[in-house]
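Student: Listed below are the residues making up each chain.
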Amino acid sequence: MALAFGALFVALVLCALAAPLWADLAGRGPEATNVTGKIEVDGRQVDVVSLDGTPIGPQWRSEYFLGADANGRDVMVRLLYGARNSLLIGIAAALLTTILATLVGLLAGYLGRWVDAVARSALDVIWAFPVILLGVALATALAVGGLQIGPFTLEAGSTAISIAVIAVVYVPYMARPIRGEVLALREKEFVEAARAQGAGPLRTMLSELLPNLSSTIVVFAPLMVANAILLEAALSFLGVGVVPPAPSWGNMIDAGVERLVTAPHLAIVPGAMLVATVLALNVLGDGVRDAFDPRSRASWGARRP
Amino acid sequence: MTSSRSFLSAVVLALAAFAAAGCGDSDDGGAEAGNSGGSMTIAQTSQPDALDPALAYTSQSWEPLWVVYTPPLTYRHAEGQEGTELIPGVAEALPEISDDGKTYSFKIREGLKYSNGKPVKASDFEHTIKRVLNLESGGTYLFEGIEGATDFIEGGDPKADITGIEADDATGEVTITLTEPDGTFSNVLATNFAGMVPASTPFENQSTKPPPGVGPYEITESVPNRQFTLSQVEGFDIPDVPKGKVDTITTRIVKSTSRQAQDVIGGKLDYMQDPPPTDLLAEIKASHSDRYKEWPTPSTYYFFLNQSIPPFDNEQAREAVNVAIDSTAIARIFGGRLKPSCNVIPSGIPGHEDPDPCPFGDPSAAGDVDEAKRLVEEAGVGGEKVTVYANNDSNRPQIGEYYTDLLNQIGFDADLKIIDGAIYFNTIGNEKTKAQTGLAAWYPDFAHPGSFLQQFDGTAIQPTNNSNYGYVNDPEINKGIADLLKEPDVATVADQWAELDRKAIEKSYLAPYGSEELTTFMSDRVDFDNCSLVHPLYGNDYTSFCLK
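Chains W and H, in that order, are what the protein sequence lines are.
Per my numbering: the first sequence = residues 65 to 369.
Per my numbering: the second sequence = residues 41 to 588.
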């Protein structure tokens, strides 16, 4: 099951990577508007967007395979490019979350004392806010001026802002379990032995603790990607994620909601893609967890008839 | 208003055509017909820019505030041309104007009270105008012609005197002296900015706790971004100003026009200020035509082009935008509710003339992208970064996306910035934003060509709440506006206004694309036939609303 859904996720990624190829076939890019254009349907010239503003529906051919949106853009092309944006932000944010959470969890758990106190407090503050609320607040605050951290500048409205916001918001959800595991590991004999052999804190953390955290990190990773993709969609839906005209599944759903009666596919198709991706990642994550945790697999197996 | 406003003279012959075209006759929704009592819940898409008469300057705020803050003069609550007739409001009679056109005198009505029961004093008028000037309101420019107004603004002291306003509380007399004659000043006295507030009203935005006013309704609740409530004021009595019929009108801020329309259909909302979304228009027209109507507006929709900064400080770059625009495409995004044009002064306003031909091609035909590309290249601005500003009200993001793509097609490197509708015009009207280009629209403060062209008056540019989004500052246009505004009979200089209009569009100071048709859509609870009066300047008149 996990493998099947893993394959589905890989297929989605491949589709996203193939977006430019489909755009070539369709003859237009994801942001190319065509409000007054016409296409041939059953030998007749038909408006891509009618005079009263209704976009054409799915044509099931390379051009307007899934129809057009209100600006006459090709929905299939935008869907695939939207997948690139959604997956890029989801995967990059999950990666950044993993790095930050591992760093914070390791330092807080192993060094303890004031480092732990400060880290725990910071994590608690972030944890205290609902994810979407904090995401919207941070994204809105950075929407105008962007962010400058030392030599790094994240331009307002850029994809990097979305990645940074989503990554930060999810850090506590991963850092707290990692810290807990480090607290348990640091009392183990092999850590004592490393210390006795003269290993410093850095070496102990990198050589002894980090390898033992790998299973936890690997189990978390796909779930973090799924959560990040969902949050990106939510932020874009609310207008603070990917900035139009660049497509993402979230902002496509947002635009589609305004056309639910005359063009329901505009919201349903990106919504279905979102569900499929998140489902695939969650089942994959469960599979990975089962693989790393035999007790979990045993109990799952025991429940089966 | 932004969807801005401007003002009027009583001379509105051309509005007859506008009225005949779509406002219906004045028997529709007559202000005195229909039942009284009950409560209505209505919706707007964005929080109004302000619920303070000194600062409010959008259609979203002017529509409700018109029935809360009556100025010294006001307009007859009627449709079409009749609705542009000036009548006394807080003033006892229309002002007496001196022979040189510089002095306006009127007397406050005796026994008039604010909604809190306190008496209205003549000195409150000066305080009302001081607030407009001191708060750097978008309406500041309307009152700068009062003697001493400029000194008052520059001095920055709210306690200072405006030498050109004399008020006598004992007699109720107010005398205003202007530095130059202004043929539109009676109409300025009828704008919402002159809506009287007590002298105790602080010099700060009072949107969360709107001050008392003189009107058929008062604002009894204001929760930003959620709702505000208008309650009928007992004892309000100004001749020719209707007392209103419904007890309370609660306006909810509902972001989705689709949700609003569904709620109006289902009876959860009684009226939506914005047009229903394109998605539901066909169904509404087919199944609810007995409570839906469309009406033309004397409005100008355009893209502003900021000539104070690159790349639109280059005339060829601005020309390229005008050449490329396809108004028919934007009309489709409007769901067909846009009449393409290339003017600043819209149809129905004196001074409107259909240029033949339009300088950059027929607005009802597609734009010439190839020619625009050539112009951009020739101007040497190809590849320059451009940020397009749009708000998030219904269909505006789609127009912003269309425009962004168009700029990219003709050679710019454009991206889009979408800003909440509640703060959009304040943002692009702040010089620190340095907005290069974006969506703008103008509805008249009064039916006068000056009301439209004054937004391109360089002498009216201000650091905040600026309405001259393109920072147009052409000495010839500035002088033309100043000279023509002195003329009390606009009909005699209508062709000169048309000439100024032509100059503005020939120099591509803006990229106009048409006038919008607005809508009235009400629930089944409302007596639509008798209670849906559309005023030509303020839109739907809340005093006409009534339930079946």
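Among these hints, one or two may not hold up.
Said to hold, decoys possible - Heads up, simulated DSS-like pairs for lysine-lysine below, C-alpha to C-alpha not over 30 Å straight-line:
#, chain 1, residue 1, chain 2, residue 2
1, H, Lys308, H, Lys325
2, H, Lys413, W, Lys102
3, H, Lys325, W, Lys102
4, H, Lys153, H, Lys283
5, H, Lys295, H, Lys308
6, H, Lys413, H, Lys457
Hints in this document: simulated from the structure, not taken from any laboratory.
Student: Evaluate each hint against the coordinates.
Tutor: Here is how each hint holds up against the structure:
1. H/Lys308 to H/Lys325: Distance of about 19 Å is within 30 Å: holds.
2. H/Lys413 to W/Lys102: 23 Å, holds
3. H/Lys325 to W/Lys102: Answer holds: lysine 325 of chain H to lysine 102 of chain W is near 26 Å, not above 30 Å.
4. H/Lys153 to H/Lys283: Holds - the C-alpha atoms of lysine 283 of chain H and lysine 153 of chain H are around 14 Å apart, at most 30 Å.
5. H/Lys295 to H/Lys308: 15 Å, holds
6. H/Lys413 to H/Lys457: Holds: lysine 413 of chain H and lysine 457 of chain H sit about 23 Å apart, inside 30 Å.
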